[in-house]
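Chain by chain, the residues:
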Amino acid sequence: MVAEEKKQVIEGLLFAAGEEGLSLKEIADVIGLAKDEIRLLINEMQVEWKLERRGIQITKVAQIYQLTTLPEHAPYLEKLAQAPTRSQLSRAAIETLAIIAYRQPVTRMEIEEIRGVKSDRTVQVLQRKGLVREVGRAEGAGRPILYGTTKEFLEYFGLNHIAELPPADSIFNWREWEEDRQDLFKRLGVDMSSEMTTRSEETDLKEEVEV
Amino acid sequence: MVAEEKKQVIEGLLFAAGEEGLSLKEIADVIGLAKDEIRLLINEMQVEWKLERRGIQITKVAQIYQLTTLPEHAPYLEKLAQAPTRSQLSRAAIETLAIIAYRQPVTRMEIEEIRGVKSDRTVQVLQRKGLVREVGRAEGAGRPILYGTTKEFLEYFGLNHIAELPPADSIFNWREWEEDRQDLFKRLGVDMSSEMTTRSEETDLKEEVEV
Amino acid sequence: MDIQIKLEMFEGPLDLLLHLIEKAEVDIYEIPIAKITEQYMQVIKEAQEWQLEVASEFLVMAATLLAIKSRMLLPKQDILDEEQIGAEEEWFIDPREELVDRLLEYKRYKRLGEVLKEKEIERSKVYTRAPMDLSPYTKEVNPVYGLTVDDLFQALVEVLKTQKRAEPITKVEREEISVSARMDEIDRQLRLEGKLIFSKLLCWDEVNKERVITTFLAILELMKLKRVICYQDQLFGEIFIESFQVEEEREAIGS
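Protein chains in written order, with the working numbering: chain E, 1 to 211; chain U, 1001 to 1211; chain R, 2001 to 2255.
By construction, these hints were calculated from the structure, which means they are not laboratory data. You may find that some hints are simply not true.
[As the list claims (entries may be wrong)] List of simulated lysine to aspartate or glutamate pairs, EDC-like, C-alpha gap at most 16 Å:
#, chain 1, residue 1, chain 2, residue 2
1, U, 1050, E, 5
2, E, 7, U, 1120
3, U, 1007, E, 52
4, U, 1006, E, 169
5, E, 151, R, 2120
6, R, 2110, E, 169
7, E, 129, U, 1113
8, R, 2107, E, 112
9, U, 1006, U, 1029
10, U, 1007, E, 72
11, E, 60, R, 2122
12, R, 2125, E, 78
13, E, 6, E, 36
Kindly produce the complete structure, drawing on both the sequences and the hints.
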């Protein structure tokens, strides 16, 4: 079988697998080739398809290869009755997912402390949707359930690996914030290190309160 | 839009339409072109795809266009079908199957009430795998479809009759329901004056149940 | 200051507070607590005037804000007096610090959520298709290969367990049966079959909490009225239910 034929078969297999997609191993097993060779072939196909202006593409999510339409065709596909409509997650769900994704494994209590609201229902809905799952039990009283994200989570957000999420620190520079905070508390006259408060600080504080 | 782009969109549409395929009119409506032009484009695509040795083809059955795999790839698809991972049901599917098995006949709404999430796709998957089927229509608004398990379901699980499933009442944890019971005493109009005596007997029986 | 705010727009008190602080164009670190508290209370009050349900979390935060505010207003001298009484350390921690920390933490995840939202939107632009029906390519593939009825049973247990924790949004209309009606049913069944097994009293299609409890209560009532008798012939065995007369007769024959 020449490379061209192999690519043909890979296309057919990925097409048949549809949304379930296929892992490198599955493709390799069916065709009877090494995984490395399949990976190389798929990489080539991805480039070729783009050049040939194909109407579909090969994407890799959660270590699974699958065929999808092109994002720029979304307006046409939305008009298509057969295309599954995607309901978007609520803000509560997204917020909760963000906490779980970045802090996993995490207990429901921790989630609720951060969000400031009860989150049992939201966690449950996310669990039902298969986006999060129980990954163990925390130590300590009551041994609360620990939650983490699933493979479906990666699929849902089109990620190949959880590490593809931007690191939390890239969004915030914590050191700067810490310095700001120190500075601020001084300015507010609530310097933690000094036990005695001077009259001038007190005056500052009063003004602040009355703003 | 040049011909190339139009073909790209057609490919995407046919891909997403899945096994139901699309009629000329449907494609024409979505893209906003004349049917004749679409027909011409598709004819061109059919020839081009063969020349380019694409792994899929456009077929026309009963005025419907759809994408299919190539006949010569059948041996690979057979292998794919037999791959052990293919037959695994997702957690969502097992859950839904369990609800249908124990609660049949049941509407999709009821399934969704229990699971707390949309279940239309999951029910569809189970239907496609031949595990559940429509068994009638419920009374009332909209006359929703009732689902039940199939003969194949029994065969796969080696059951003679659906009643051979593990008895569902063993699910109930009496202790957990203490509060609910208190509430029900009231709601069901059980004589509250006899509550004291009932409760002691209740305790006796409860112990028996839990032995 | 006009506060055209609907409470439902916010995910919780922290969300609302962040909004107020951002709207007031003040630094998150420099919360003018009196002003923000006033606005916060205004929102809660309006919501209550519109008879909207105000979640308890919002009220807890309101109480926290008021507590902080009143503490900030206390003359320092009083604080020092308190200190001498004994609660010194507590009084020296600025209550705003904890609030700032919580707000920062919350804001962080709110932003990370925005990242996820973008990914969601991106991903929702591509479509895939249902897997091809491969059944023509294979003879009798068992779609439930490796699964047993016990797995199915376990799945049901799990799903009912989680359902119990959260109330469904709308209630499934199910036939409710009163205890007395259920008592009659059991009575009738007993007369037909003589002896019943407790675990078989409920058909597999009646997995429904109320139904089970109603049945349970009905049997208790029947026992109390000395119309039935329950027994087990072995530990962990089935619980048998018999009509009281039948039991008497059996004992008479036995002895």
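task = Take a quick look at whether residue 1050 of chain U and residue 5 of chain E sit within 16 Å of each other, Cα to Cα.
result = 12 Å, holds
request  = Would you mind confirming whether the straight-line C-alpha gap from residue 1007 of chain U to residue 72 of chain E stays at or under 16 Å?
outcome  = 14 Å, holds
request  = Would you mind confirming whether the straight-line C-alpha gap from residue 2110 of chain R to residue 169 of chain E stays at or under 16 Å?
outcome  = With Cα atoms ~14 Å apart, residue 2110 of chain R and residue 169 of chain E stay inside 16 Å; holds.
key: Restraint status (C-alpha distance of residue 1006 of chain U to residue 169 of chain E at most 16 Å)   = Given pair residue 1006 of chain U, residue 169 of chain E is violated - Cα atoms ~44 Å apart, limit 16 Å.
task = Quickly compare the C-alpha distance for residue 7 of chain E and residue 1120 of chain U to 16 Å and report which way the hint goes.
result = 34 Å, violated
message = Against the 16 Å threshold, does the CA-CA distance of residue 60 of chain E and residue 2122 of chain R hold or violate the hint?
response = 14 Å, holds
query = Taken at face value, is the distance from the CA of residue 52 of chain E to the CA of residue 1007 of chain U at most 16 Å?
reply = This hinted pair holds, its Cα atoms lying about 11 Å apart.
ask   = Going straight from one Cα to the other, do residue 129 of chain E and residue 1113 of chain U come out at no more than 16 Å?
value = 14 Å, holds
ask   = Would the pair residue 2125 of chain R and residue 78 of chain E pass a check requiring their Cα atoms to be no farther apart than 16 Å?
value = 9 Å, holds
message = So if I understand the rule, the pair passes when the alpha-carbon distance is 16 Å or less; does residue 151 of chain E with residue 2120 of chain R pass?
response = Holds, at about 15 Å.
request  = Take the C-alpha atoms of residue 2107 of chain R and residue 112 of chain E, compute the straight-line distance between them, and say whether it is at most 16 Å.
outcome  = The given pair, whose Cα atoms are some 14 Å apart, holds under the 16 Å limit.
message = Against the 16 Å threshold, does the CA-CA distance of residue 1006 of chain U and residue 1029 of chain U hold or violate the hint?
response = Holds, at roughly 13 Å.
Hints 2, 4 from the list above are not met by this structure, while the remaining hints are.
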